[in-house]
Amino acid sequence: MKAKIVITPKKAVLDPQGKTVQTALEHMGYEGVKAVHVGKYLEIELEGDAESWRPKIDEACHKLLSNPVIEDYHFTIE
Amino acid sequence: MRFVILQFPGSNCDQDCVHVLGNVLGQDADYLWHKQESIGDADAVVVPGGFSYGDYLRTGSIAQFSPVMKAVKAFANSGGLVIGICNGFQILCECGLLPGALVRNRSLQFRCEHVFLKVPTADSPFTREVPEGKVLRVPIAHGEGCYFADEETLAKLQANERILFQYTTEAGELTDGANPNGSLLNIAGICNEGRNICGMMPHPERASEDILGEDDGRLVFEGMLRHLEAGAGLGQAAVTEA
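These protein sequences, in sequence, are chains A and B.
Whatever position you read off the first sequence (first residue = 1), add 114 for the working numbering.
Whatever position you read off the second sequence (first residue = 1), add 3 for the working numbering.
The set of hints was computed from the structure by calculation and includes no laboratory data.
Since the model is a prediction, treat every value here as computed from it, not as a measurement.
No residue lacks a Cβ here, since even glycine has one placed at the ideal position from N, Cα and C.
Mixed in with the good hints there might be a few duds.
[Stated by the list, open to error] Just the calculated beta-carbon pair ranges, DEER-fashion:
id, chain 1, residue 1, chain 2, residue 2, range
1, A, Thr-190, B, Val-27, 51 to 57 Å
2, B, Pro-70, A, Lys-124, 29 to 35 Å
3, A, Leu-160, B, Glu-176, 52 to 58 Å
4, B, Tyr-59, A, Val-135, 19 to 25 Å
5, B, Ile-214, A, Ala-149, 48 to 54 Å
6, B, Ala-174, A, Gly-153, 37 to 43 Å
7, A, Glu-145, B, Arg-114, 31 to 37 Å
8, A, Thr-190, B, Gly-136, 54 to 60 Å
[Claimed, not checked] Pulled from the structure, derived: some chain A residues nowhere near chain B, Cβ distances all over 10 Å:
id, residue
9, His-151
10, Arg-168
11, Glu-192
Just chain A, same shape as in the assembly (with noise of 0.2 Å):
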């Protein structure tokens, strides 16, 4: 069992990286990218129940995994 957990930059932050692969993915001729957001990945191996994983996961991404004050976070477990 795996929690898998999408970390990515708050709306209002400015997200250099996700602006620069934008300006590379139109240099290479794709057309019509309207926004890329440069995040994370974190896979967590997990043992016993996923519903009481749940609220534990939680707890990790807002206190470790993520900065509330700059990214958001969402995960599921499977």
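Dock chain B against chain A, hints included.
Below, chain B without anything else, positioned relative to chain A:
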């Protein structure tokens, strides 16, 4: 006065701070390994620059959970004097002692150069020795120094005069060109509401001696020292508890 300078795996400005506080200012200055659970009888704490825990995950994010940080938080919350420089500023933001966060420089470049800093207020232990109107010249060296906070937080920082250092031109003008990293409001350093905790991206410890070409940074440490000598802002209660 007794200063402790924290050491995390990856700290690399700790020696400079010990040198300035110990040899230049003649104070007791000692390293404190991050696994220690007490800061002892320290009068002030320095969280130095570097790359604690290799900057893994986010800058400063892992260091906030080192054992020593619990004691530092208790000390800071009871009025103890704490300064975080560069990575130390990132750590203080991550652990919630200071608001906001430091994100990747807008240019995506690691910037290592001298900057000019305006000091908008002398009303803090860290800026009290800076003569009114003086523009400081101090080096920076960081890749993630772009200060970000939401509008409400920025408004509070401004209203309470908690912005201690701002990137400016040599003449002290706030311009985009003088901002090396894209920080909102050109913020280079701030303090908490109680004015006893300071975080700043520039390195005053690298500009504290004439022989190095400039000594404007020494004013920051001298301010802390004068504040302590005046007997204000001691966090000894927390130290005994911790």
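Okay, the hints, checked on the actual structure:
no., hint, result
1, A:Thr-190 x B:Val-27: 51 to 57 Å, "holds (54 Å)"
2, B:Pro-70 x A:Lys-124: 29 to 35 Å, "holds (31 Å)"
3, A:Leu-160 x B:Glu-176: 52 to 58 Å, "holds (54 Å)"
4, B:Tyr-59 x A:Val-135: 19 to 25 Å, "holds (22 Å)"
5, B:Ile-214 x A:Ala-149: 48 to 54 Å, "holds (50 Å)"
6, B:Ala-174 x A:Gly-153: 37 to 43 Å, "holds (40 Å)"
7, A:Glu-145 x B:Arg-114: 31 to 37 Å, "holds (34 Å)"
8, A:Thr-190 x B:Gly-136: 54 to 60 Å, "holds (56 Å)"
9, His-151, "holds (13 Å)"
10, Arg-168, "holds (21 Å)"
11, Glu-192, "holds (23 Å)"
Hint compliance for this structure: no hint is broken.
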